[in-house]
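Peer 1: Protein sequences, first through last, are from chains C and P.
FYI, in the numbering used here the residues of the first sequence are 1 to 154.
FYI, in the numbering used here the residues of the second sequence are 1 to 182.
Not the full set, but computed from the structure, chain P residues with beta-carbon under 8 Å of chain C:
(1) Thr25
(2) Ser27
(3) Thr29
(4) Thr48
(5) Val50
(6) Ser52
(7) Glu63
(8) Lys67
(9) Asn73
(10) Pro74
(11) Lys75
(12) Pro92
(13) Ala93
(14) Ser178
(15) Glu180
Per label pair, the in silico range of CB-to-CB distance:
(16) C/Ala46 <-> P/Thr115: 42 to 48 Å
(17) C/Leu99 <-> P/Asn109: 33 to 39 Å
(18) P/Asp33 <-> C/Lys8: 50 to 56 Å
(19) C/Val18 <-> P/Ala83: 32 to 38 Å
(20) P/Pro130 <-> C/Leu22: 48 to 54 Å
Just so you know, these hints were derived from the structure itself, not from any lab.
Remember, predicted model here, so these are calculated numbers, not experimental data.
The beta-carbon is built from N, C-alpha and C at its ideal position, and this holds for glycine as well.
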Amino acid sequence: MIKTSVKKHPWFKRILIVGMLLLVAGGGVVWYIFTDTFSDTTDRKAAFTVNAMDLLHEFQQNDSLANRKYAEKIITVNGRISELEAADTTVNVKIMDTLTDAYIIFAFQQQHLAETKGLKEGDSISIKGSCSGGTYSQILETVFVTFKRCAVNQ
Amino acid sequence: MKKSFLLIALVGLTTFSFAQKKKVTTSATIAFDASTKLDPLAVAENKTAVASLNPKTGEVAFETVVKNFAFSNPKMQEHFNSAGWMDSDKFPAASFKGKITNLSAVKFNSDGTYTTSVTGDLTIRGVTKPVIATATVVVSGKTVTTTSAFEIKVADYGVNGPAIGAGKVATDPKITVSAEFK
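Bound conformation, chain C alone (with noise of 0.2 Å):
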């Protein structure tokens, strides 16, 4: 049926040839995006570099203006380790306003998970990772400000 229609209709062939090519790089995007994973955040460039007290005022002050600036992109965050928390069997760092008890919490990248066994509480660090914004807790009554996909910033 289709050599047919090619016979008859050169145009045919090619319509047949640039459909077939539209397909493979159409399952080759569909492929791409099934299969792409967030790259190593050490090899991101960061948007910002913050003071962990200075970001959380930011948040403070407004919420909304500071989620609008910094969620889903990648900060770096210097300050002094406050807390080391277990996260089911990781370990979150954590910096903390003593005055407000407002802090910044963040959760470690699978590949930098054991970067945070030689850390200590007091030690300074500066830290990058995705920024996921900040909201108000009603069960701490306090601010907090969360990061994914972290690393220690070498």
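We have chain C; now place chain P onto it with these hints.
Peer 2: Chain P alone, transformed into the frame defined by chain C:
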């Protein structure tokens, strides 16, 4: 003899006070599994949820920043936070507030594993619905670990993305919450 009695009483009172004090963690884990045979990528985990447990009243609560659910796939994470799904720009937090209904079954000052029933209200996308779940409470010294798994119907919370209709995302994803209180 009198001194020993006072010491024992003091230790007992301290243990009792500890057991009765509200416990809080800021590193509770919430896992979300909406994967289907057609699409295994709708799986995420959030390790920075705030959770509280009051051993005296049985009150339990957790809350989380929605955008901190970490997916392996960037496109899936983008869809999850979009207006058709969690609409996390408009509704940045999700929360649960409830109570252990069989509190007398848990001995917070005695090591062991206890099965409890929890009822409460789950708020997602600004919609609050009642939830009943079974939770396991493990007491080990001063550490209390709680774990609960339950399913929700995403349509109840106004989530009706085309991917659900196409069978790529589960209509009733499984939510697992675990928290370790020190």
